[in-house]
Amino acid sequence: MKRSKKEIGKKVGVPPGTLIYTGDKREEFEITAIDYNASGYRKIKVKDIDECASFKDPSTVTWIDVVGLHRVDAVEKIGKIYNLHPLVLEDILNIHQRSKIEYFEDYIFIVLKMLTYDDKSHEIEIEQVSMVLGDSFVFTFRERKLDIFDPIRERIENDKGAIRKRGADYLLHALIDIIVDHYYIILEKLGEEIEGLENEVITNPSQDTVQAIHKFKSNLINMRRSAWPLREVLSQLSKGDSHLITEALIYFRDVYDHTIQAIDTVEMFRDMASSLLDIYLSNISNKTNEIMKVLTILATIFIPLTLIAGIYGMNFKYMPELEWRYGYPMVLIVILVIGIGMVVYFKRKKWM
Amino acid sequence: MKRSKKEIGKKVGVPPGTLIYTGDKREEFEITAIDYNASGYRKIKVKDIDECASFKDPSTVTWIDVVGLHRVDAVEKIGKIYNLHPLVLEDILNIHQRSKIEYFEDYIFIVLKMLTYDDKSHEIEIEQVSMVLGDSFVFTFRERKLDIFDPIRERIENDKGAIRKRGADYLLHALIDIIVDHYYIILEKLGEEIEGLENEVITNPSQDTVQAIHKFKSNLINMRRSAWPLREVLSQLSKGDSHLITEALIYFRDVYDHTIQAIDTVEMFRDMASSLLDIYLSNISNKTNEIMKVLTILATIFIPLTLIAGIYGMNFKYMPELEWRYGYPMVLIVILVIGIGMVVYFKRKKWM
Amino acid sequence: MKRSKKEIGKKVGVPPGTLIYTGDKREEFEITAIDYNASGYRKIKVKDIDECASFKDPSTVTWIDVVGLHRVDAVEKIGKIYNLHPLVLEDILNIHQRSKIEYFEDYIFIVLKMLTYDDKSHEIEIEQVSMVLGDSFVFTFRERKLDIFDPIRERIENDKGAIRKRGADYLLHALIDIIVDHYYIILEKLGEEIEGLENEVITNPSQDTVQAIHKFKSNLINMRRSAWPLREVLSQLSKGDSHLITEALIYFRDVYDHTIQAIDTVEMFRDMASSLLDIYLSNISNKTNEIMKVLTILATIFIPLTLIAGIYGMNFKYMPELEWRYGYPMVLIVILVIGIGMVVYFKRKKWM
Amino acid sequence: MKRSKKEIGKKVGVPPGTLIYTGDKREEFEITAIDYNASGYRKIKVKDIDECASFKDPSTVTWIDVVGLHRVDAVEKIGKIYNLHPLVLEDILNIHQRSKIEYFEDYIFIVLKMLTYDDKSHEIEIEQVSMVLGDSFVFTFRERKLDIFDPIRERIENDKGAIRKRGADYLLHALIDIIVDHYYIILEKLGEEIEGLENEVITNPSQDTVQAIHKFKSNLINMRRSAWPLREVLSQLSKGDSHLITEALIYFRDVYDHTIQAIDTVEMFRDMASSLLDIYLSNISNKTNEIMKVLTILATIFIPLTLIAGIYGMNFKYMPELEWRYGYPMVLIVILVIGIGMVVYFKRKKWM
Amino acid sequence: MKRSKKEIGKKVGVPPGTLIYTGDKREEFEITAIDYNASGYRKIKVKDIDECASFKDPSTVTWIDVVGLHRVDAVEKIGKIYNLHPLVLEDILNIHQRSKIEYFEDYIFIVLKMLTYDDKSHEIEIEQVSMVLGDSFVFTFRERKLDIFDPIRERIENDKGAIRKRGADYLLHALIDIIVDHYYIILEKLGEEIEGLENEVITNPSQDTVQAIHKFKSNLINMRRSAWPLREVLSQLSKGDSHLITEALIYFRDVYDHTIQAIDTVEMFRDMASSLLDIYLSNISNKTNEIMKVLTILATIFIPLTLIAGIYGMNFKYMPELEWRYGYPMVLIVILVIGIGMVVYFKRKKWM
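Residue numbers (the numbering used here), protein chains in the order written: chain A, 1 to 352; chain B, 353 to 704; chain C, 705 to 1056; chain D, 1057 to 1408; chain E, 1409 to 1760.
One should not assume that every hint holds.
To be verified - FRET-style restraints, in silico, Cβ to Cβ:
no.: 1; chain 1: B; residue 1: 580; chain 2: E; residue 2: 1573; range: 25 to 33 Å
no.: 2; chain 1: C; residue 1: 829; chain 2: A; residue 2: 85; range: 33 to 41 Å
no.: 3; chain 1: E; residue 1: 1425; chain 2: C; residue 2: 829; range: 51 to 59 Å
no.: 4; chain 1: B; residue 1: 695; chain 2: C; residue 2: 900; range: 38 to 46 Å
no.: 5; chain 1: B; residue 1: 556; chain 2: D; residue 2: 1179; range: 22 to 30 Å
no.: 6; chain 1: A; residue 1: 24; chain 2: C; residue 2: 971; range: 23 to 31 Å
no.: 7; chain 1: C; residue 1: 971; chain 2: A; residue 2: 145; range: 50 to 58 Å
no.: 8; chain 1: D; residue 1: 1174; chain 2: E; residue 2: 1600; range: 38 to 46 Å
What the hints assert, rightly or not - In silico lysine-lysine, DSS-like type, Cα no more than 25 Å apart, as pairs:
no.: 9; chain 1: E; residue 1: 1695; chain 2: D; residue 2: 1343
no.: 10; chain 1: B; residue 1: 669; chain 2: E; residue 2: 1725
no.: 11; chain 1: D; residue 1: 1136; chain 2: D; residue 2: 1103
I should point out that these hints are in silico values taken from the structure, not numbers from a laboratory. Small disclaimer: the values here were computed from a predicted structure and weren't measured. For each residue, glycine too, the CB sits at the ideal point set by N, CA and C.
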């Protein structure tokens, strides 16, 4: 993950309720409303934000998807029409929030983190999605027009599954479910990565492996940081404290189970990554040990022999051995015997 | 354990309630019903799923064992006959669930993980078993026809123990008890393994030992991941919140005690495995230390001697010592004295 | 952070309620009162402390900012006028308190830690701010006249935001919000620092890096120590147990969310710092390994060759090879062959 | 502790309530009943188990001590006479239970682990003691006839302390107190051991020390595993939920305090043992460092000197220095100067 | 801290309520009673224990300080006069208790650990102080006559602070406050120590540093072991569950805050000490690395040169170079070039 100043997550020195978009300036801006019930369906590209007021009709469920948070004015207008608290609007625009859920009298406000995995940089990208669940509507606010919610749109359009027959709470569940799905996609990627790392550590460890493990661990730390608050949100939702969530309750329980399982997997990966580093270190220690053995064996064999050769290279006038007929071959034999003896000794000591 | 993409545990991008089998395609498909009460017993191979409806009779306890989850249609039909919630059917077919328990009005739904140990690969294999406890029936759903439940079948057939005299809740207990038993079998295997590893680390440590410890730890991580949710399920069951569990309550408490003990053992093994790695590392450090000592002693003794021999090998015209009658033996004596002196010095320093 | 005896945080051997200022003697002493409501605003430099009594008027909100705790007498007088408990006054003067909140009948007493980051020494400086929230007034007590609260003063002066329209609880919230903001500023600094450290560890690690990591960790330990009690205080405030906090409740919840996020970030940084040290150590081990390889390769190649040269440097009378016409080039060839052979061998062993 | 398959703790594949003794076959079998009240005392060696029925008389307290669990029939008979649940009997016979307490209508069932320390093997031996507290009787079931309960027997016999004047709950307390006492005896042994290890690590560390630390840690792991459930049992007992425990309640609270203290000590020892291993490792690293210094100093001094000697050992025809009158002493002086210079250099670098 | 058998903390094999003093036999024995109310004060050296009965008068507060627990008879007599439970008396005499609080009908019994720091041995000494708070009296029982409570005595004597105007609960608070104060004195000492260790690790680490860190950690472990139960006691006291504690409640809350802060500091020191050991180890690794570099550079430069000198020291008859006019200077130049080339190479590799 790229860490930048902005991600720390709080605007500094600004009165609460001040609407400031904390992300990067972008081009995209689009409001799409999907209005449906069991019998009908309509999709509207909203041009004038005042149109939104018309979706309040409780006989149909409306999903209003707002892309492009740099248009602070639009968010503010929607807030006024739907009577959202200024702090809610502020949180929607501040894209560095912690995932959370807040209950208001007529609506529930939810902030979630959408994770995607960049295959090239091996980094996890985080995007914030804010949701407002009302009586008969769901708002989704996000920065970029990613296609993550397309399957839901399709299900509504084609009347697939039960979605058209059910209320706004079921729609909310479907949207959150898609987000949790993406956590699983990333867990799959991470699962493949750790298998690769495990292999690398055992067969061909290098300093790059350590850095890859470090990156992997950083990714896990980021996953955890997103997954735990997500779990809290879903725990809240599955308790059924709000009158806005009725028939979808059991589905939220289901998603809650999935977030627990995701967290379990993240923790498992962490344990494994720590274990990998231990193996790496023991591997290096082992190798150093092996190298030292080679050096020591070699030095132990040759250094004494060099001394013998050195002695008979001295220029003393009176060195009787030098005159001997078989002095030279005898010294060669002595050298050989000592050399072989050393090898035998080291073999016994299991150093060779 | 083999980690594969599927085991991450969630179908991505599919509306809830969609019935999809997430395991491998298999051949086996078999539904066996065992119908009994204190006075009688009958075992039926179910051909037509509609027959199942006849087992609803509350005067006998019926255990319907469904093997082969690839037959989604069969599971769906059973679901209809016995009025099971679509999410329950989905969970039965998704074999990568976390163990859990869910209470419905007329039945309890339980997902458990069955563990078996592959003696060859030293890996733990995980299979999912789903159970539904009703008024007078228990369903078990599983992928493969393993013989784990045979002892129960036999006990019913031969009227061994109290099982025939009791209700469906007692049958459920017996089935879960068998599953927990298999956790103990694996703990035994792991216990033997860690004893072996302990021995290896102390007597003959190698890089393979580290890998074996790593594998052992991975197995423990998997055990933990299965055992904790199992514990939660049994904790729930032993609280007696459901009207479906009456006389078997005390037995569930008993199994609950066993799961706690199993988790205790897993945690103990983890502590031990970590400790083993520490010993291994200190062992390697020690050995490197020993090798360095040998090298240093040797070099310290012979390098100065080699210098002496080198000096008297120089070809200066005027080197009075070279002319001395006893120059050569004197040098030899000097060499010996220095060499022996060094040895004495190192003995004193306790390096030899 | 500078650790000094005083920071341990408790006066020893003094009866409770004894008013002693535990900080350094300073020059600054200033009491500023800001009195406002929706329609008006006035700022008074308080000369005579008895004037303070006049601010009790509930129709306006008054913020009385006391700078300079060495004037124990002034604090005592204020305490008498506003009927503060002796222990409260003692806590205000003892600048080494843990952050805390205490509920009294007509007021709430809060102690917080203000953090600032010294860019030169890379140390976090801690200053204590005590606050008293009454019906229509807020007291702030602090040692030094830093400009941290200036934005609030400006907002009141210029009627920016909702602050003038709201009560004393909202003012308290604004003050605490500014303090929490400064935690985020420090987190930004620390975020930049850890990015730098990460870079250093990978590209150019040295013993200084380890010391920098140690300093970074010490800073985190200090952050944690301040952030956790801060969180407790805000958790209390956002529960709404007091009649003094009414409309600002939701704003305290907001600040509470921010403190949780700040703690999350601190914990993330700790995990990363630990991971960095592991990388550093593996890096050093790796380098030692590389160096040993170079030494061993070199010694293994040259020491045997030196022996050969030594043998033919011996002065035996009868060494037939010395007389050979091509003895010298043959020895050179042997030396070359052995040398090259060794290099090939090491290449194969992947040591070169 | 000897780890063996049996200790994993569960009989596999057996219907609940099946009475199987899971320990080793032994010879000892003995039932001793002690019947007392304030005015009288009698001790009976029970021959025929049916005699036990006579002890039900509520005017006296009876302690029935059953040694030898291989006599499954005897245990079963007692169970029938005193109306014990089949699961209780099963737990009594399965000597690999986790410590636990279970409340029944007319009795409380307790399983505890008795620890003894084998001075020779430095291992902790574990024996299971099961207890049943009724209205006016206490049963103790155990495998071997150890003398641990003798002090209690003596106190009853000699009317020492208040034991004769009190009820069965007080007797139970006295028995458990003795068991907890033995935990303290082991803690004393472990305390002595860690003092010894601490000494060894600092003065004379070796690979054996590491193994001793490992064994010590294994013992602690076993202690913990027994002590935590013991604590839970005593926590239960000291809550006073049962009508069977009345006047002894305060005594159970006392024992509960002791188990907490025991656990504290175990955790303290664990921290110390981990710390010892760190010291050991740093000690080894330090030593390797020292050895490397010696080698490097030596090599740095002598290798260059050897080169000088080697140069003047070359056989070139035209080497003017060789002809010089004072060439040889000059070279010797150069050698000495370089040698001494090196030593001075290393002294400055604080390597010597 | 000196660990001795006795400190494990439990008398083994003795019936509860048996009064045995578990400390060392000492000479000192003294009972001092201080009797006061707002209007008067009197201090009595109690000779005959029966005098104690006279202090029961509820119109004055009495503090009875008993020094010298070896006089079991005296403690027993006091117990009888003031109607203390036998277990309380036992706990007073057993000086190896865990800190705890126990509520009785007319009194509260408190055991605390008094810590003092021995400047010479750098060890923490622990002394037990037992307290009994009644309606209008406070008992303190301790082994040795230390001067820790002198400030309180003085405050009463000189009517300093509010102590004379308040009840027995306020006196108890003052006594406990003094004990907590001494924790802070030790924390100051430890704070100085860790600053020293930090310095040592960075500037001049040695094996002694590791031992000092170990001792420091042992001291922290002891601090924790005393501080956590102390915190529990104060948490209890500040809850106000007893009718004996009324007006002093807020003061107990204050002391409770201080114990939390003390524990925070202990935990901070632990984190720092662990971090120090990491720095030490990385320091040693770094040094070994540096030493290896020196050795390797030296060997790499000189060993090949020695081979060259060795080659021209061979005694072959036909070695044309030896006859060359400029053979010798050419070889010297070759040696120089290779040597300098190596140095340049190592400089580039940043080894020098």
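Practice task
Provide an ascending list of the numbers of those earlier hints which the structure does not satisfy.
Solution key: 1, 4, 7
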